[in-house]
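K.L.:
Spelled out from the first residue to the last, the chains are:
There are 2 protein chains.
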Amino acid sequence: MGAGAAGLGLTGAEGGIEIAHFFLVLTCILIAAKLFGELAERIGQPAVLGELVAGVLLGASALGIVPAEGTEAALIHALAELGVLLLLFEIGLETDLREMFRVGPASLSVACVGVVLPFALGYVFWRYVPHAMSGGAINTAAIFLGATLTATSVGITARVLSDLGRMNTQEARVIIGAAVIDDVLGLVILSVVSTIAAGAAISALGVLRTLTVAVGFLVVAVLIGRFAMPRLFDLVVRMRVRYVLLVYSVAFALGLAALADLAGSALIIGSFAAGLILSGTNQFDTIEHEVRPVAAIFTPIFFVSVGSSVNLSLLNPADPAARSTLAIAGVITLLAILGKLATGWAAPWERFRRVVVGVGMVPRGEVGLIFADIGRRAGVLSEEMFGVVLLMVMATTFVAPPALKALFGRGAE
Amino acid sequence: MGAGAAGLGLTGAEGGIEIAHFFLVLTCILIAAKLFGELAERIGQPAVLGELVAGVLLGASALGIVPAEGTEAALIHALAELGVLLLLFEIGLETDLREMFRVGPASLSVACVGVVLPFALGYVFWRYVPHAMSGGAINTAAIFLGATLTATSVGITARVLSDLGRMNTQEARVIIGAAVIDDVLGLVILSVVSTIAAGAAISALGVLRTLTVAVGFLVVAVLIGRFAMPRLFDLVVRMRVRYVLLVYSVAFALGLAALADLAGSALIIGSFAAGLILSGTNQFDTIEHEVRPVAAIFTPIFFVSVGSSVNLSLLNPADPAARSTLAIAGVITLLAILGKLATGWAAPWERFRRVVVGVGMVPRGEVGLIFADIGRRAGVLSEEMFGVVLLMVMATTFVAPPALKALFGRGAE
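Keeping their order, the protein sequence lines are chains A and B.
Each residue of the first sequence is one higher than the last, beginning at 38 in this note's numbering.
Each residue of the second sequence is one higher than the last, beginning at 38 in this note's numbering.
Source of the hints: derived by calculation from the structure; they are not laboratory data.
There's no promise every hint is true.
Because identical chains share one entry, a pair is satisfied inside a single copy or across any pair of copies.
The calculated SDA-like cross-link candidates involving lysine to any residue, where the alpha carbons are at most 25 Å apart (straight line), are [stated by the list, open to error]:
hint : residue 1 : residue 2
1    : K442      : Q82
2    : K442      : R390
3    : K442      : Y280
4    : K442      : P385
Because the structure is a prediction, the values reported are computed rather than measured.
Chain A on its own, in the form it takes in the complex (with noise of 0.2 Å):
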């Protein structure tokens, strides 16, 4: 009781926030995000991509409406993290865990050659060619500037993916892996680049253990789950209480999202695994039936927050230094795109469409601006250069959507 009763009910005030105006923050939210999503659609592209633009509107730079400091912020973030983890938990409910087996190997491929490339092109550019922000600590940046290109945003791609209804091509599985694995590539690379920027020397046993925590925490997970949960969701349908079995499936979500955080893997693996291995329970289908609903509400707040990170001010080409920050950011984000879109080629022994998963692959999304959110505040990454960063993060969450679209829509090869 205490602090907390004022704002239960009747007023509001509670925790710093005003309730009524979070929740008004909230409905415009929810109202831009379908509303642009409709317009994308209308246009022929995929929703996602209108609920991105709905956030950048929405955001600091323009509306200011979502919030990017204070308590009320990190109650966006907080919503925003629960629907990318809806997200990734429904792709995991329709995985087959088989077939994503069977091209395991394909996306262990595509991941790595999707994470080497990238830093290689960034790296070298940044070192070795002379360009306007040349000078400085000149070896430091240009690793955080190629650790910012390794980065896969599965939340973009998936959501794409499940909007064409092409979850199910070999294509998805092989992309949908391989953005997973990415992920555990990225805590690794995080843990690297958070070591360089505290000056540390980095130690190969500290990276070998991070590795073995995130593979390890995800082949436990369902190894465990896929024996276990049946048997446990066997006895959880005779409960009578109404809807036992979703409440319990978003508990058993968030509560291995929080595990594989705390074990030092990421939430959203977490929330995958719970997905692959609840998709091996007999009452998957109700499940799933009654979780999208509730991804539905969350999951657009996530976009619209990852969208409202964007700052328009960049995009400015009446300004000199906009005008150099966006030719350099021009080069990069080229980088970054022919650096993922070569990983189509990765796994010549399997057959898709290599095009499609290079594509698949681009998009940055929010995972890039965590790499160079660390390297800004540790004084490794300028202004400028975390402005480039920022340019080339939105360029290719922009781009992927409507391409992976227009690929699509061509049909099979």
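Given chain A's structure and the hints, the job is docking chain B onto it.
P.N.:
Relative to chain A, chain B alone:
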């Protein structure tokens, strides 16, 4: 971007909360809510009782898993608020507006008696009957105590009626109508007690204005909404994006709740009105069907949150101070129950089971706590008096669900 990005995906610490820990707390809340809900049902009690018990156990005075203060508490609170808004929205959707109007006078009479009688009983007891806590600013204290007795928690009763499948009975309509009117009257009382707490004089004009705004908002919203929304939703349904009907319905409920609050009315009145309004659309079946699973996830968070505000240490009979508090709380609780029970006979012209309506009005839930908390903060209520109110709120909240279930179990009059 900026401050927000570091917590977007992989790591997790943001705005002062550890997101993984927050999801873990959420997992505990959901699992405990359904587990104790199931236990309650198995021993013949309504599920909501189990959820309240789960809250007591998870709360600060027992396991301490649900936090009472800080950003994480604010987050849980926001989700709990979302839960009660969705519950009231769902109940509004299921409510037949014409039937509500028909029982309107009965509800009004029940609500008014349920405010005046408990207030009078509480005031007279505290002011004129000598007891262990007599002394001090007794008139102001007596007014506050009386005020805490006037509240009705529409959430608790509505949930029980809904769980029992009795939302379509005459009794349910009278209770829900009266509870909503009680919330409006509660706003008026809140403004009066806040004025008293601030040491200012009460102005009849101020009271009248609060009443007008609260009632006016509900009437205007429903009148305009019932005209405009069916036409608007006939357009919405022609949109192609997935779940647009659901997302826009929820956005409407949250938006109207926020507007209600900003207009000086209450959040839950806004979302109830939103439900009433959308029950007039051609799509209300689909909306109801899709809103249900979403509400099913968040409603338990509300009841667990209410339960978590219970202070178990007040119930320790080995403590002499607790014994004296318990004794006075026993008397106050009796007055609280009698005062509301009598409301069943407040509308003699209407045919319904009087004791069912009386019992349905008994639970004070979170609303009574809000009044008490204002009194405590202003120094008008001592810690002991606050303890008395807390016990009264707990007892009335816990006694009503099993009583209602038992009464309905005995069949119609």
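K.L.:
Run every hint past the structure and note whether it holds.
P.N.:
To see whether the hints hold, each was checked on the structure:
Taking the shortest Cα distances, K442 and Q82 sit within 25 Å of each other inside one copy (7 Å), while across copies they are farther apart (53 Å). Taking CA atoms no more than 25 Å apart as the test, K442 paired with R390 passes inside one copy only; the shortest distance there is 14 Å, against 61 Å between copies. Only between protomers do K442 and Y280 lie at most 25 Å apart by alpha-carbon distance; the minimum there is 20 Å, versus 36 Å within a single protomer. Proximity of K442 to P385 under the C-alpha cut-off of 25 Å is restricted to the intra-copy arrangement: shortest distance 24 Å within a copy versus 66 Å between copies.
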